[in-house]
Each structure stands twice: as structure tokens, then as C-alpha cells.
Amino acid sequence: MSRVILRSALRIITGKRLETISVALLVFISILSISSIAIMKENMKNQVYELFGSATGDLLVLGLFNDTHLELVKRVDGVLDVAPYRVLAGVALVGGERIQVSIVGHETIASIFRVVVIKEGRLPGNANEATLYSSIRGPIAKKVNASLGDGIEVVAFNVSERKLARLNATLVGLAEGFNHIGRTPYVLIMNENLVRGMSGESHLALRILIRGDVKTVSENVLKTLRDNGVSISWYFINIREENPVNVLIEGLMGIFTLPLIALLLIAPAMSASIGLASVARDYKLVAVMKSIGFSSMDLFIYYSLPWIIRGLLGAIPALIVSPYVAKWLYVYFMGGAYIAELLYEAVGFKLMYDVAFRYTIIALALLALGSLVPLVLAYRIDIVKSISFIGLYAGETLRILSGFHRFLWFKLWLRNLTSGRWKLITTVILLAILWGLQVSSSSLGSGALKYSGLAQDREYNPVDIIGFVYAADPSIDLLGYISRIMGEVDSVSGYHVTLQYTLGVGVEGLSFVFLRATIAGDPSIEYPLEAGRYPEREGEVVISRSLAMLKGYRNGDKLRLVDGLGRIWEFKITGISRALQDRGSYLLLTESDIVKISGLRAEEFRGLGLAIRLKDGLSIEYEAEKLRGILESVESINVEYYTRHEVSREYSTASRMIQGVTGIISIIALISVAVALSSINIVESQAKMREIAVLKALGVPPSSRALETLTQTIAIIILSTPIAYATSYITAKLLARETATFFGYIEPEVTLNSLITSNTLTILIVVTVIITITVLITTSRLNTVRALADL
Amino acid sequence: MVLIVFNDVWKEYVMGRVRVWALRGVSFSVKKGEFIAIIGPSGSGKSTLIYLLSGIDRPSRGSIIIDGLEISKLGDSERARWRRNNVGIIFQFFHLIPTLTALENVILSMELANVKVKDKVGRAMELLEFVGLRDKADKFPWELSGGEQQRVAIARALANDPPIILADEPTAFLDRANKIKIVELLREANALGKTVIYTTHDQELAGYAYRRIRLLDGVLVGDLNE
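Protein chains in written order, with the working numbering: chain A, 291 to 1081; chain B, 20 to 245.
The set of hints was computed from the structure by calculation and includes no laboratory data. As the structure is a computational prediction, the values presented were derived from the model and not from experiment. One should not assume that every hint holds.
Unchecked claim - Straight-line alpha carbon distances no greater than 25 Å define the calculated BS3-like cross-link-like pairs of lysine-lysine that follow:
1. 701(A) with 135(B)
2. 158(B) with 675(A)
3. 862(A) with 886(A)
4. 640(A) with 335(A)
5. 701(A) with 137(B)
6. 158(B) with 574(A)
Claimed, not checked - Over the 10 Å line for every Cβ pair with chain A, so calculated as not near, a few chain B residues:
7. 26
8. 38
9. 43
10. 48
11. 82
12. 88
13. 93
14. 102
15. 103
16. 116
17. 139
18. 155
19. 195
20. 210
21. 230
Just so you know, even glycine gets a beta-carbon here, dropped at the ideal spot from N, CA and C.
Chain B on its own, in the form it takes in the complex (with noise of 0.2 Å):
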């Protein structure tokens, strides 16, 4: 069943008195419980793809349908409840919020997205334990390492349920031991139906994808389904 529709997608980003093309007409589409790497070098247009994927950017041309549902043509606050409910995103650098301990950024997700579960706590502690950090639950994020940061941001992203995961080079900033760990609990994740996408420069870690699809300059040139 396919789940995205990435159709003819073109993105123009203005910088001072430059414009740059970071996607140039890019299309292809997603299945539902695909796990799939976006690789490409710096600058190659993996992190718009994600941004537009998780409707935080709009498309300059073209159309993203996710589901049905045509999300470019939705406006800043449709999309950001469209967000809330149907998308868990992780960052490069991690970004969970400093003024919250581990579990309440984990429960921060769900409340943002209104999910009735009774028990927030303890299902924001499952997901901690999940991703190994049930013992971290009430340190802040300063008084984590990079990997816990990352790991406890996958369990954010997971704590609404959601049925995407985006992940924009969520081990840039890992060492090689963290970077696998990530890269398997995302794949964990897809295993319990998520659709995962995620992007990397690491052939290694893309390696761990069932699908990679390349961007070059903006412009989709391969794509490869194992």
C-alpha cells in the first residue's frame, strides 16, 4: 500500500541574494513499513526532503501526498496538527527541549498530539526502556551523553504513535558504536510497523536500510530496493 506520493517536488531556498534549487524535481513514492535510507553528500538535498516530508517546509513545485492527503497544500497550523499525529521526527543535533528531563520530553510528544493514553508516564518509561535509558529518565539533556540525547529523542519521536519516523542524519554527531545502536533501534521501530526514513552520508549505515535512494545536487539519481 503506498503511503507517500513524493511527485515532481522542487524546493528553492533564497539566501541573501542567492537562490539555490536544494530539490529538483524529485519524485518517488513510499510503502507503508518501508525502511528506507536517503544518502547523498552535504548539501545534496537530504535534509529538505525530510523537512518537506514532515510538512515543516512547503514544496516551491510539486506534491507531497502522505496517506491521501495532500499536506502541501495544507497551511502552517493544518500541517502542524497533521505533525503532531502522524510524524516522529529526529534531528541531527538532537534537539530535545533543555528545560525537560528525559521522560518529560518523551511525554511532551504526547501531549502535544492529544494521545488519550492513561497512563503517559508509564508508557513514556516503556519507550525509555526500549531505548535503553529507563535509568536516565529524570536527567536533563545536559546531563546526557550525544547517543543517550539521540536515543531518548527516537523515543519522543515514537511516543505518539505515530505511523512515519523522519530522521534528518540522526548520527552525525555519534561515535561508531552509537551510530549502530541508533540505526538498529530505528530499525526495531520499522519493526513494529513504522515507516522509517532516514538520512545519512554513511554508506555503512545506509547499508542497514532495505531501500536507499541517492540524491545528488538536489536531483534524484538512484534508488535501490533490496
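Here chain A stands alone, though its shape is the one from the complex (with noise of 0.2 Å):
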């Protein structure tokens, strides 16, 4: 009998074209949407680590070496291979700028960077050429208009003489790619003999390759050096979980995934309510199969099969194509195709078809989930009930308003509402997804918002100009020189001076982790109390209000710091800061828990953060810039800042690309939610087809069904606002988490009034509408005569 009934349910899905398509095409897009993020995210990731690991190998070490430090390295069980190499630090007057830079030879720059693109002249010939690299810019880095020929003046530390050095060349070439050494994202290329001359025996860098177990052999590598009295500026280990850059990315893609898996959900609740409407529809062929012998299996074939075979027709061609959409959206949102491309050539793009693999199973197995719904209703429909009843069907009906005998069409239209409970039911969580997608995203975007109009409240947000100043010459008394500057100019109110150091991740789940310790000036302009007190002893930290909220902590609690080798320190948290910049990464200890952390001694920092809060009334860009220029008098000195203009601007950026990115996906879900909700009242009206016929009989007029599905999805919209509350909370609240480490921890701003916005109406109007015509349609075209002679 399995053979003749698969035939019928293959018949099924030809005939019912609409539920064909509609299935197929929600199981497309969900799993083309989810599939090509992540294929891109993926490759992302690997191209992330890849570009590390040739920069870095598997641990990357900063200070100061010479041949026999190296040799004990390779010593070192599970080194596989350790590449020096020189790298000089730098302050550059490069187009009428001063900026740090890194100097590294042109052979140098081949061998550890991947993607090296020269986008004009060529790499240095001589010692008197150069050619700028510049890579990803943060907001803290100046922008740079360079231009062949110009000249550049260069103030290096010159290791092998041990004094500072002073170089000319010209400007022979513009490259930029992904890479960067250290905190800046400018690398001076040079001459490699210039930058050998400069670094004599002493090399700066060692690129290490690691056998085995990563951490233990980079924790023994550090040792032997530290033993041997290297003193270790930096270092990186370069594992793909761990990696800074690659949380970033889940970070960033946390906005387009965690909308996206939601929309997984629609095509399930699609195969459930549309299957329990044609049980319903069917109640009597049911019953009159199960009557005549019909198995579960041969029910399965006939009502569940159909739905898994659509969604198939939906998944492998969104299978097939969904590495290429990757790669398409890869190159898209890389901007210049041609550096993308470079990339691929350098790192290569994986297909992936694993991870669209994956998500077609998952996509596959919940729809298949759905199809089983219906099979429930099925197997209780009671089969001498059933095939002995005559007239119109609709399953038990709540007796609402039962006593009440006015607003009759009312009740009607309320009570066909309830009969039909899988569809209210399936109704709801529709729109309750969609309408919670929508509203999650502009929360979290309003978060941001709010937060970028506190950031320029000089109440809330104390500093005006948040910067960074460098030394390029070791011997210059850094924090004695911007404290006398900082005495000494008027426009200034107050100050903070930090020692800064950066951990890859410190606390779980976040990304570069920043520590902060007071060495002069007043904490407060900075890292503004909420609630405690400032470090005062070791063990100590102030955390921002982003990473209590991110993370559960309170005043009084306990907080894990790791650093790259795994060493975990503890620290008592004593007070809770609201700084508007730090979003839930910088950790303000003591200046001794930062030596002891970072392994630097106090006088090794060769830059230190500087915060200002300026007198009232004074325009901060231009005291912010003549400070620099007072600061940057001695010539090895480098300034970077930014205002809390930036601070509030980069606020409202995250709220517009929250928005944006969440926008589209929401287009998406409520084309899929209109298509499903159309789908469902129309499968819905067929059931529906003797009584509607039987009301078009009495003198109703069709316009009449039309206006009971308005006045039910009307009914559903409220019936769904507490649940579109709930899931717009709870999404915005995991948006918010998964997104914590790209854009900081935004709080979102969840209200009864966000629920109603103009988008959100447009939205939910659209719906209703299309809702409605559909619905429209369908019954204008019902053969009153057929319907009502069929039994």
C-alpha cells in the first residue's frame, strides 16, 4: 500500500503548487541566509588566523635577542622553527602627519606579511626611499595624505648604537593590506640593510613555530628567555579558538546570525500549522484512511513525507549555492574587490559545504520536526465520530461570550479564531519572531543611541580628549614630561595618565582585553565612578559598567583575569566605572598588577595613555590638536587622540549598522512570515470552503471573510504584543551578548513603545494587508455551488 500511497503524496506536492513553493522557498532562504554567513564568517576566521600565523608564526615574542638567545630557543622541546626578524619602533612625519610606525626591511616585509598590495610606485631600492604600509585603521589612528615623492623625516631608536636616529627618504610607494605589527597600523618599508644596520646583532622579533601542545611550549619558550635575562616587551599566541580578531568577527556576526537562526524556526511552524490544517481540512479522509487499515507510516508518508520532500527542493539548491553567495557577500563587504581577491590568492576561500551541510540538516530536521505535528490531530481524530458526522466541522469551540448575543460576528470571528488553535497558535509565534526580530534590533540600536547622546554630556561623560603619547627615544622621562606640559597649559581642568597593556583575551568570551593602572592625575576624568572606589592595592580592579552587565559582575565579586599562557590571576572587583569608551574591555588595576602581568617594568612602557577633560566652553578639537602640538614639540614624540565627539560617533555608527544589518534580515523574515501567514489562511479558507459557501449562501458578502481575517490578525497582533515583548527582550538581550565583543556591551532599550514603531507598523501592516488580499482572492474565487454540494 506505501508505494500507491507515495504516489499520492507525491501528487500532493504538485498539487498543492502554492504550499510547494512557499515551503521550498522559506527552507531557501533560510538556509542560503544562514549557510553564506556563516561560510563567510568562517573563512573569515581562517583567513584571520592564517594572516596571524604568518606575522606571528605560533608565538610571536617582542624584545630584545641575539644569536644565543635564539639557539636556546630552538633548544626548547616542541620548536619547530624560529625566524627572526627586525622590526624598529618609530615616530614618521610622513604628508605634513607625525605617526607611529613600525620600520621593517623590504625583504622582511615579504616574508612574514601574506598580503602585501602596492597600490602605487614600488618597494624601497635604496636607504633614502620607503614606502608607507598601511593596514586597518582604528579611530584612534591619524589618517595619513602621503603622496609619492614627498619626504619623509624618520626618528627611530637605533638599537646597535643605542641612541635615537635620525633618517630622510622619500616617499617611493603606497601599500596597504591586512597585517599589522603592534598597536599602529603603519609600517615603514625600508631598506633591509639600513633596518640590519639600525638593529646591529639584536633581533627584534622572533616568529616561532610550535609542535604539540602551544601554550606549554610558548610558557617554556618565555621562560628560557626570561632566565636568560631578555627582557620581553610583547608576545602573542597564535591559537585559532583563542585568537582576538577572530571573537571580533563572531562579535560582528553575531547580528546577522542570531536573527538568522529565527528564521530557521518559520519554516517548521510553517510545515506544522499548514499540515494541521489540511488534517483538519481532512478530518473525514483521515478518518475513513484509518478505517481502512492506514498505518502511521502510510499517515507519515501521506501528510509528513510532503513537507520534508518540499523543504528538499528548497535545501539543495540552497546547499549548492550557498558558498558562492559566501563568496560573493565575502567580496562585497571586504570592499575593494582587488585586495579581496589577493586574499583568496594568498589564504584561499573554502567553499565549505560542511557548514551549508549542517545547516541544511538542521533546516531539514526541524521542518521534518513540524511535518510530525500534524500526524498528532491525525491519529486523534476519532474515526466513527468523524465519518458519521454530517455538516460543518471545525473541532470543539470555546464557548466565549456564550451568554452574550451582541457583536454576533464578532463572536464568530473570535471563536473561529480560538477553533482553529494550531493556527493561533502558529500565527502568534510568526509574527511574534518577526515582529521581535524587528524590535530586538532597533532596542539594541536606541541602546547605542542613548549611549552616543551620554557621551557628549559633559556631566555623565567627564574626558573630552582620550589619547595616546609615544616615545620613540626610551630615554625621555615620559610621565614627568606630560605631567609638567599638563600643569602647565591652561586650557586643561584635569588629567589621568595610564600605564596601557593589551592581553588578546583576559576575561572569558571577550576580545583584547586592555589593562589601565593610575600613574598620575585623577582617575575620575576617565573611568567615572558608579559605585565603589578606585584600586588602591594589588588584587585590586575597577571594571566598566558594559562588563558587570555583560557579565553578572558586582561590586565585591571576584574576576578571573588568563593571560596568553593560560596564568589565571584574581582580582576583587572594587568599583564599577561607567566610561563611555571602555564597552567592557579595559580593566584599571594597579600599576604593580600590570608589571607583574605584562613581565615590563614601569620605565620599559615607551607610550602611556593620557585622558583630558578640558576647562568649559572651549572647542575640543582645536585644544585637542593644539595640545598635540605642544606635546609633539620633542621630535620623538607621538600623539594620537580622540575627542568624545568620536566616542558618541562611533555609538551612533553601531546603532545605524545595528540597524541596518537587522533591517535587512527583518525584510527577509517578513517576506517569509508573509508568505507563511498567507500560505496558512489560505490552506485555512479551503478548510473553511463549505462554510464560507454556506455563509455566501445566507447573503454574506465575501468582503466579509476579508474583514473577519483583518479583524483576527488584528486580534493576533495583541494577542501577540506580550510575546513580541518577551522575545524582542530576550533577543536584544542575547544581540546585545553576542555582539558584546565587536561593538562593547550596548544595553538595550527595551520599552513598551519600541514595540510600536513606524517600521514596526509598516511591518505589521504589510502583513495584515497581504494577509487580507490573499485571503481575499481565494474566497472571491470559491464555486459556492461546489463547495456547498460537496459532502
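Assembly of the complex is requested from the two constituent chains, each provided in isolation within its own frame, with the hints serving as guidance.
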């Protein structure tokens, strides 16, 4: 019998074309969108890992090494290879801007950077030439407008002579790529022999390849070097899962993936609801099937299998095309296609069918699960009752307003709504998903916008300028220099100087944890406290409100910090700060703790953080430039800064980005939900065909059915409101957590008002209109005579 | 007084690629207050005739004039409006609205026709009493037997006090006792001044009518008036 049933199931697929197309389309959209984003993300992560690996190996150690140290490292168990290279730190005057640069020889750059694109000119040929390489620029770094032929003045520390060197070169090339060395995005590529001469026999960086447990071997390498008197200024262990940029990418992609996962639920909800509607419509047929001996498997083949096959019709093309869509999206999002293509050549773009396959299986499994729901109803159908019942069937109806005999139509529509509980539940869920998604994104966007406003509020946010002062000359007493100038300049009302050290991942789930320690000035300018006090002794820390909200920390709690070697440092939280520039990654410690964690002595820090509050009524931009000019009056000093306006702008950019991305996803969700709900209503109209025909025969115009749908949709919207609110609240919180590593933790602004915005209303109206029109068309096409005559 | 004029009415149905003539040139007239049974075997065109008389469907050819109004020329919405006020319909499969109770199904007709009755509930209860179902007023259709459902359908048909009652095989799915009860109710409705036309293939039930019109293959083959 099963073969015959299978044949008739296949006929259902071709016969009910609208249902087939709707489900196939939904499955296609959901798998395609989530798979392509996931493949793009995995490729980006892979590329980041590979790019890091090319420059850092498994372990990169910065410091001052000689050949003896090199041999010692080679002998450490697990070390495969050690490649020394020379990187000098310096300050360069290029295109009228003074910038911090890493100086690398032209042969070295090719061996450590996977992608170097010469945009203009060429690499340097002699000691008087230089090529400026720039990587992805953060907000603090200055923008340089340099042209070929410009003169460059460089101040760098000559390691071999242990004194400051001044170099003059002509710019012969402009290059760009993805890698960068240290905190600056700029690398000055100079003649290899020149760099070698300035660094002497010393190696400034060791790129180490490791076999086995990278962390353990790295720890042994660092211990060996320290035991032999090497001062390590910085190190980085490249572990794919812990790569801080990859953690950032995860955070960024969170705004895509989380809403798209919700999209996956639409197809199974649709298969469940339309399947239920079909069984309700065919209740007599099901009773007959059961009476002539259909098994559960036969019912499965008849009612569930068509959904799975329909899902396959959407899933297979999605599986095939999603890697290519991912590649297209990747090129689109990466901006310049040329540099993206070079990245393919250097690292490659894997199509990753396994990722697409994983989501295909998930989507089909969910769809299959949804398609099983109608079988529950089929199982419950009473054979005798169903076959012997003559008339219109609506399942059990709730006695809503049974003693109240006014507004009969309204009562009829309300009861119809509740008698189709499957439809009610599914429709409410689908609508709540769509609504919740849309509101969650706007809530998060509103949260970011609120922070943007607070950043401009000088009462709430005391700091006007946040900068980093770098001295290429290690002999300069930087703290004394800064303190003296801050004391002398009239416009400064207060300042705060910090030691700064960065950990790749310091607190679980975060990327780039920035350690700070007050060494001069007033910490309340940069880190205004909301609770507690500043750290006074070792083991105490002030965290930001963002981190507290993200991880649920409270004042007095313990915080565990893990450094690159996996060493655990325990702190007691003594205060919570509301610093807006800190979105959850800055920890204010004591100076001695930073020294312990970094392994650097205080005098070995070549740059210091500087936060300034200006006197009231001054132009921030003007005063910031003036202060920079004063601080940079010493030629080896470089100052980079950003103002409260940039902090504010970053939040508003984040707001726009969140709203933009999730807005696109909301449109996809809108289309999906509109397709799903329209299909559900069409099947319901078919199921109620005779009832509609009777009403028409009694003199009810077709518009009444449309009015019923409209009223019911409004009722569904009202019923969806609390669920949508809960969905949006939970989704916004999840979204905020997902994106915390990229945007920082932004507290979403979820209010009842946020449920009804112009965007939300537009979406709801569009869905309602689509459903109503679809039902109106279906009803007006109804053949009353045939429906009335149909038993 | 002539109430209905059925003049050379033809009705064609298209089923897939097949064209079927359900009625072929049927003509008859009905006086106000008549009690008529349309009889004939399955497929003879009885139901089609009811659908045309009620204005649910339109003839392919010919004219139907009821109380001076040619309903076959009216548009869909005009016919729906006309039907609400002039016809009470009883269906073969009862067709009560499943989400409304017996009482509410009766009130629904009054709501549709916008009948100006102050106490709609009171009138609906009276009608349910008339069909012997006052005690089942708050039952949903699926809580009633077939005979009870059809009696509610009669009450619904009478609710807005229409001059014409049309019933399409109203007893087809009922036992003998219920069949007789339904036809007697129709006769009581006729006694109240309604023009009642019902279809049946049961000769015994047809015998309750004062006039019997016989159809065969869409053609009127007999018109017996007692």
C-alpha cells in the first residue's frame, strides 16, 4: 500500500503548488542566508588566523634578542622553527602628519606578511627610499594623506648604537594589506640593510613555529628567555579558537547569525500549521484512511513526507549555491574587490560545503519535526465520530461570550480564531518572531544611540580627549614630560595618565582586554565611578558598567583574568566605572599588577595613555590639536587621540549598523512570514470552504471573510504583543551579548513604546494587508455551488 | 397571486472538460403560499433548481422572476442582499455554522438580514421552541444529532421571516421519524403563510406536499397539483 500512498503524496506536492513553493522558498531563504553568512564568517576567521600566523607564527615574542637567545629557543622542546626579524619602532613625519610606525626591511615584509598590495609606486631600493604600508585603521590612528615623492622624516631608536637616529627618505610607494605590527596600522618599509644596521646583531622579534601544545611550549620559551635576562616587551600566542580578532568577528557576525537562526524556525512552524490545517480539512478522509487500515507510517508518508520533500526542493539549491553567495558577500563586504581577491590567492576562500550541509540538515530536521505535528491530530481523529458526522466541522469551540448575544459577528470571528488553535498558536509565534526580531534590533540600536547622546554629556562623561603618547626615544621621562605640560597648559582642567597593556583574551569570551593603571592625575576623569572605589592595592580592579552588565559582575565580586599563557590572575572588583569609551574591555588595575602581568618594568613602557578634561566652553577639536602640537614639540614623540565626539559617533555608527543589518534581516523575515501566514490562511480558507459557501448562500458578501481575516489578524497582533515584547527583550539581550566583543556591551532600550514604531507598524500593516488580500482573492474564487454540494 | 416565474431556464455546468446540462428549458410558476415538492432521482437537477431559485447561482439561459423582480439579472452582491430578506434556505448537509450555538445560528440570520426585531434572542428562542429545541439552545452543532441540526436549520431559515423557504433534500441523512418531523415542520411553516419548496427523492415525503414537480435529466416531466 505504501507505494500507492507515496505516489499520492507526490501528487500532493505537485497539486498543492502554492504550499510547495512557499515551503521550498522559505527553506531556501533560511538555509541560504544562514549558511552563506556562516561560510563567510568561517573563511574570515580562517583568513585572520592564517594572516596572523604568517606574521606571528605560533608564538611571536618582542624584545631584544641575540644569536645565543635564538639557539636557546631552538633547543626548547616542541619548537619547530625560529625566524628572527627586525622591527624598529619609530615616529615618522609623512604628508604633514606625525605618525607612529613600525619600521621593517623590504625583504622581511615579504616573508612575514601574506598580503602586501602595492597601490602606487614600488618597494624601496636604497637607504633613502621608503614605502608606507597601511593596514585597517582604528579610530585613534591618524589619517595620512601622503603622495609619492613626499619627503619623510623618521626618528627611531638605533638599537646597535643605543641612541636616537634621524633618517630622511623619499616616499617611493604606497602599500596596503591586512596585517599590522603592534598597535599602529602603519609600517614603514625601508631598505633591509639599513634596518639591519640599525638593529645590529639584535633581533627584535622572534617568530616561532611550535609542534604540540602551543601554550605549554610558549610558556617554556618565554621562561627560557626571561631566565636568560631577556626583557620581553610583548608576546602573542596564535591559537585559532582564542584569536582575539576571530572573537571580534564572532561578535560582529552575531548581528547576522542570531536573527537568521530565528528564521530557521519559520519553515517548521509553517509545515506544522499548514499540515494541521490539511489534516483538519481532511478529517473525514483521515478517518476513512484509518478505517481501511492505514498505519502510522502510511499517514506519515501521506501527510509528513510531502513537507520533507518540499523542504528538500528548497534545501538542495540552497546547499549548492550558498558557498558561492558567501563568496560574493565576502567580496562585497570586504570593500575593494582587488585586495579581497589577493587575499583569496594568499589564503584562499574555502567553499565549506560541510558548513552549508550542517545548516541544511538542521533546517530539514526542524521541518521534519514540524511536519510530524499534524500526525498527532490525525492520530486523535475519532473514526466513528468523524465518518458519521454530517455538517460543518470546526473541532471543539470555546464558549466565548456564550451568554452575550450582541456583536454576533465579532463573536463568530473570535470563536473561529480559537477553534483553529493550531492556526492561532502558529500565527502568533510567527508574528512574534518577526516582530520581536525587528524590535530587538531597534532596541539595541536605540541603546547605542542613547550612549551616543550620553557621550556628549559632560556631566555624565567627564573626559574630552583620550590619547596615547608614544616616545620613540626610551631616554625620555615621558610621565614627567606629560605631567609638566599638563600643569602648564591653561585649557586643561584635569588629566589622567595610565600605563597600558593589552591581552588578546583576558576575560572569557572577550577580545583584546586592555589593562590600565593610574600613574598620575585624576582617574575619575577617564573612569568616573558608579560604585565603589579605585584600586589601592594589588589584586583590586575597577571594571566598566558594560562588563558588569555583560558578565553579571557586582562590586565585591571576584574576577578571573587569564593571560596569553593561560596563567590565572584573581582580582577583587572594588568599583564599577561608567566610562563610555570603555565598552567592557578595560580593567583599571594597580601599577604593580600591570607590571606583574606584562613582565615589563614601569620604565619600559614606551607609550602612556593620557585622558584630558578641558575647562568649560572651549572647542575640543581646537584644544586637542593645540595640545598635540605642544606635546609633539619633542621630535621623537607622537600623539594620537580621539575626542568625546568620536566616542559619540562610534555609538551612532554602531546604532546605524545594527539597525541596517537587522533591518535587512527583518525584511527577509517579513517576506518569509508573509508567505507563511498567507499560505496558512489560504489552506484555512480551503478547509472552511463549505462554511464560507454557506455564509455566502445566506447572503454574506465575500468581503466579510476578508473583514474576518482582518479582525483576526488584529486580534493576533494584540495576542502577539506580550510574546513579541518578551521575544524582543530576550533577543535584544542575546544580540547585545553576541555583539559585545565587537560593539561593546550595549544595554538595549526595550520599552513597550519600542514595540510600536513606524517601522514596526509598517511591517505589521504590510503583513496584514498581504494576508487579507490573499484571503479575499481565495474567497472570491470560491465556487459556492460546488462547495455546498461537496460532502 | 403568482410569486415565482421560472421561464425556460437552462443551466450548464462545466466539470473539467465535460459540459453538463443540469436543467434544460424548465418552466413553471408558483403562487404565493404554495407547498411544493420537487422530486426526481439523483442528478435530475433538483438541487440546481433550488440554487437558482435562491439566487445562489444564475441560469445559463432563461429568466427567474420572483415577486416581480428578475433575480437572474441581478449581480452577486444584489442577489446576496435580496436573498437575505426574501429566502430561508435549508441545506441537505444542515450546514450550521460550527462555532455558533443553536441559538446563535438562528440569531445570525436576523443579523444578516438586519431585521428590526427588538428582542432577537426572544424571537430565536420562540423559533427553537417551534422546532422543539428550546432546551438545546446553547448547544454547538457537533453536540446535536442530525435531526436536531436540521431542525435548527429550519429555525434559522425562518428567523428573518422570509416569504420563501427553500429546502434542498432536507431529510436525506435522517431516520424516518426525523424525516417526517422535518416535513411536518415545513408544512407548519407553510401554514404560517410561507411559500415552501423542498426537494426529495422520497415519494412518501413528497406526498406531504400539495404540489409535486417532477424532474428527470434536467427536464420538467410532471407537475401534479392536488
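The hints, checked one at a time:
A hinted pair counts as satisfied when its Cα atoms are at most 25 Å apart, and residue 701(A) with residue 135(B) qualifies at roughly 20 Å. Restraint check: the Cα-Cα separation between residue 158(B) and residue 675(A) comes to about 17 Å, which is no more than 25 Å; the hinted pair holds. At most 25 Å may separate the alpha-carbon atoms for a hinted pair to count; residue 862(A) and residue 886(A) meet this at roughly 16 Å. With a C-alpha separation of about 11 Å, the suggested pair residue 640(A) and residue 335(A) falls inside the 25 Å cut-off, and the hint holds.
Between residue 701(A) and residue 137(B), the direct Cα distance comes to roughly 20 Å. Compliance with the 25 Å bound is thereby established for this hinted pair. At most 25 Å may separate the alpha-carbon atoms for a hinted pair to count; residue 158(B) and residue 574(A) meet this at roughly 22 Å. Remark: the non-interface label on residue 26(B) is consistent with the geometry, its nearest Cβ contact in chain A lying 21 Å away (cut-off 10 Å). Every beta carbon of chain A lies more than 10 Å from that of residue 38(B), the smallest distance being close to 15 Å; the non-interface claim holds.
Separation of residue 43(B) from chain A is adequate, the least Cβ-Cβ distance of about 17 Å exceeding the 10 Å criterion. The claim that residue 48(B) lies off the interface holds: its Cβ sits roughly 24 Å from the closest Cβ of chain A, which is beyond the 10 Å cut-off. Here residue 82(B) stays apart from chain A, with its beta-carbon at least about 19 Å from theirs, past the 10 Å limit. Distance to chain A confirms residue 88(B) as a non-interface residue, since its nearest Cβ pair spans about 15 Å, more than 10 Å.
The beta carbon of residue 93(B) sits about 12 Å from the closest Cβ of chain A, which is more than 10 Å, so the claim that it is off the interface holds. In this structure residue 102(B) is not separated from chain A by more than 10 Å, as the shortest Cβ-Cβ distance comes to only about 4 Å. The Cβ of residue 103(B) does not lie farther than 10 Å from every Cβ of chain A; its closest approach is about 3 Å, which violates its non-interface assignment. The Cβ of residue 116(B) does not lie farther than 10 Å from every Cβ of chain A; its closest approach is about 7 Å, which violates its non-interface assignment.
With 10 Å as the threshold on Cβ separation, the claim that residue 139(B) sits away from chain A is violated: the shortest Cβ distance comes to roughly 7 Å. The claim that residue 155(B) lies off the interface holds: its Cβ sits roughly 14 Å from the closest Cβ of chain A, which is beyond the 10 Å cut-off. Separation of residue 195(B) from chain A is adequate, the least Cβ-Cβ distance of about 17 Å exceeding the 10 Å criterion. Separation of residue 210(B) from chain A is adequate, the least Cβ-Cβ distance of about 24 Å exceeding the 10 Å criterion.
Interface exclusion of residue 230(B) from chain A stands, the closest Cβ pair being 25 Å apart, more than 10 Å.
Hints 14, 15, 16 and 17, counting from the list given before, are not met by this structure.
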